[in-house]
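One-letter residues, chain by chain:
2 protein chains.
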Amino acid sequence: PSQARINSARQRQDSLTKPPGSLGQLESLAIALCGQLDTEKPAVDRVQITVFAADHGVCDEQISAFPQSVTGQMIANFAAGGAAISVLSAALGAELDVVNLGSIGPLAEMPGVINHRIAAGTANLAREPAMSEAQLVAALAAGDQAAQRAADRGAQLFIGGEMGIGNTTTAAALACALLGAAPTDLTGPGTGLSKQQVTHKTAVVERALARHGDNQDPFAVLASLGGFEIAGLAGAFLGCASRGIPVLVDGFIASVAALVACRQQPALRPWLHFAHRSCEPGHSRVLDALEANPLLDLSMRLGEGSGAAVAVPLLRLACALHNGMASFAEAGVSEGS
Amino acid sequence: PSQARINSARQRQDSLTKPPGSLGQLESLAIALCGQLDTEKPAVDRVQITVFAADHGVCDEQISAFPQSVTGQMIANFAAGGAAISVLSAALGAELDVVNLGSIGPLAEMPGVINHRIAAGTANLAREPAMSEAQLVAALAAGDQAAQRAADRGAQLFIGGEMGIGNTTTAAALACALLGAAPTDLTGPGTGLSKQQVTHKTAVVERALARHGDNQDPFAVLASLGGFEIAGLAGAFLGCASRGIPVLVDGFIASVAALVACRQQPALRPWLHFAHRSCEPGHSRVLDALEANPLLDLSMRLGEGSGAAVAVPLLRLACALHNGMASFAEAGVSEGS
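Going line by line, the protein sequences match chains A and B. The first sequence begins at 2 in the numbering used here and counts up one residue at a time. The second sequence begins at 2 in the numbering used here and counts up one residue at a time.
Derived by calculation from the structure, the hints in this document are not laboratory data. Incorrect hints may appear among the rest.
Same chains, same names: a pair is fine if it fits in one copy or spans any two.
To be verified - Calculated pairs, SDA-like style, for lysine to any residue (alpha carbon to alpha carbon, straight line, at most 20 Å):
(1) LYS196 x PRO282
(2) LYS196 x GLN266
(3) LYS196 x PRO21
This structure is a prediction, so every number in the text was calculated from the model and none was measured.
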């Protein structure tokens with residue numbers, strides 16, 4: 002981001018007809034967007050939403066309330082317009098792409114769905130590495146291609162969503178490995194497990210971490226504990242930053258992808274906005290590690306990029322205020338003492 | 002609100018393609034709007050924003066960082082389109098009215114500004130009752146007329162904003178009197194006082210409460226401690242509820258107006274949504290008394306209705322999701338166990 006743009010944007014905010022700082026996070030949002038988009042008058046009219054979907058071998062361990070077939074069914078629902086992220090994308094006038102990185106079964110071609118199926122889901126991370134190095138490279142590249150599509154379309158903001166039954170287990174394992182945290186602190190109910198089921202899920206994460214060992218290299222952790230869609234998100238975030246596109250990070254899964262990517266490339270961090278604090282208990286710990294203070298806390302826990310989509314109007318209104326308000330001098334309003 | 006609509010809306014939310022409850026407060030928002038608007042498919046396309054402005058005699062006590070002339074200057078800024086609420090109204094496609102209930106000096110006629118000037122500001126509440134009973138009735142009536150204009154325009158949501166240099170002092174005194182709270186707990190920096198200035202402001206609120214005594218009748222408290230614009234807001238909120246229009250309450254001042262109005266008429270409460278948690282320290286105490294859990298917490302403290310305006314897209318997206326998502330049956334997605 003451009004420090005010169007950030008400095009002049011901060012000066013402009015202090016000249017506008019309001020007590021200094023009284024628009025709170027809307028001021029810092031507008032200032033950051035000026036730096037990221039390298040402009041005096043920021044706008045986020047063109048939003049790219051890309052949902053990465055994949056299945057998880059760890060579902061063999063019975064860690065989800067939903068059957069694995071739901072991943073493919075939801076891909077069809079995204080394409081048909083019936084899912085939350087489909088409705089939100091339409092309401093926001095955003096572009097929506099879905100990238101299938103590894104549903105358990107092959108899917109029919111559908112408009113808006115890019116078939117980039119690496120395998121029939123990852124391997125079971127509780128027993129063996131979730132993916133091979135070649136598979137990791139393929140998933141990261143699919144993410145980078147999504148960033149390139151966003152750049153080609155002139156996107157001013159990128160949102161990465163995810164769909165994958167079992168992926169809160171994967172994300173908890175990844176976060177534990179990167180943060181050195183205990184599985185009991187980061188494993189939660191996901192789509193709706195009982196307390197007893199969360200205890201079982203926690204034990205599965207513990208087995209995965211014992212198998213993985215203490216390697217904290219970000220991409221080694223990612224290959225070992227996996228999630229094709231999480232690797233896709235990490236690749237997309239890195240690809241957006243390198244192309245100058247700010248990213249609005251969704252909930253727990255997307256934040257874990259951001260954590261992996263920031264550990265790999267710390268220069269990514271200033272390109273990231275954080276949209277919301279998920280109900281999933283591990284999310285706050287991951288946000289703390291990223292020094293992130295998200296915009297919303299609405300008890301959401303859906304994924305798909307839905308929490309980030311809901312925050313888009315806040316960025317748009319922050320831009321409108323920054324660009325459209327009068328200064329004290331322009332309006333003839335007396336400044337405070 | 003219609004309990005039958007609320008019940009069927011809750012059933013619909015549980016049928017949609019997402020883990021039950023995973024859209025958090027967006028689900029409860031949509032359900033409440035179905036009951037308030039008495040419909041299966043809620044929408045908040047037509048939003049009325051009315052900003053009530055007035056001056057405060059308590060400014061004689063040096064409790065604000067800004068001179069009293071700013072109230073009138075900001076009324077002109079609202080009309081000219083340069084204030085935060087003007088920019089937000091335009092961005093949201095909302096109707097914006099400004100009602101001048103008592104600037105210290107008379108103002109020229111301006112488009113969008115309704116002249117309903119009761120007096121040259123309230124009296125100094127630290128020394129005498131802020132307004133007479135006749136003045137209270139006039140301010141409440143101006144609020145009711147604003148609700149009637151909203152109804153005439155088919156508004157699906159009402160936002161009441163306020164402008165009045167000195168009105169955090171007034172609001173703190175009102176909240177203390179109604180809640181039996183200590184001035185030190187509810188008096189804050191407003192537009193930007195130093196710690197020492199807040200101590201002085203707190204002493205002014207203490208003098209006002211000592212003069213007022215222990216009468217907790219809501220409208221008696223309102224007349225004694227005042228704020229023409231706060232009475233206007235209270236009248237508007239009551240008028241909206243009686244006409245079936247839901248209200249989105251802004252920050253500290255508007256919430257104190259809601260507290261007065263709910264104490265007067267408890268049936269008002271189910272018509273109110275709360276938009277944001279202000280930085281002003283007294284706000285959380287007032288929200289607790291109203292059992293309100295606001296949508297946003299963005300460190301805003303501007304007033305004008307700006308925090309409520311920023312929350313409007315959340316209501317709109319909640320409606321879009323409620324109306325537009327597919328059910329599990331429609332999408333052929335398997336339900337959880």
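Unsatisfied constraints (hint numbers, rising):
2
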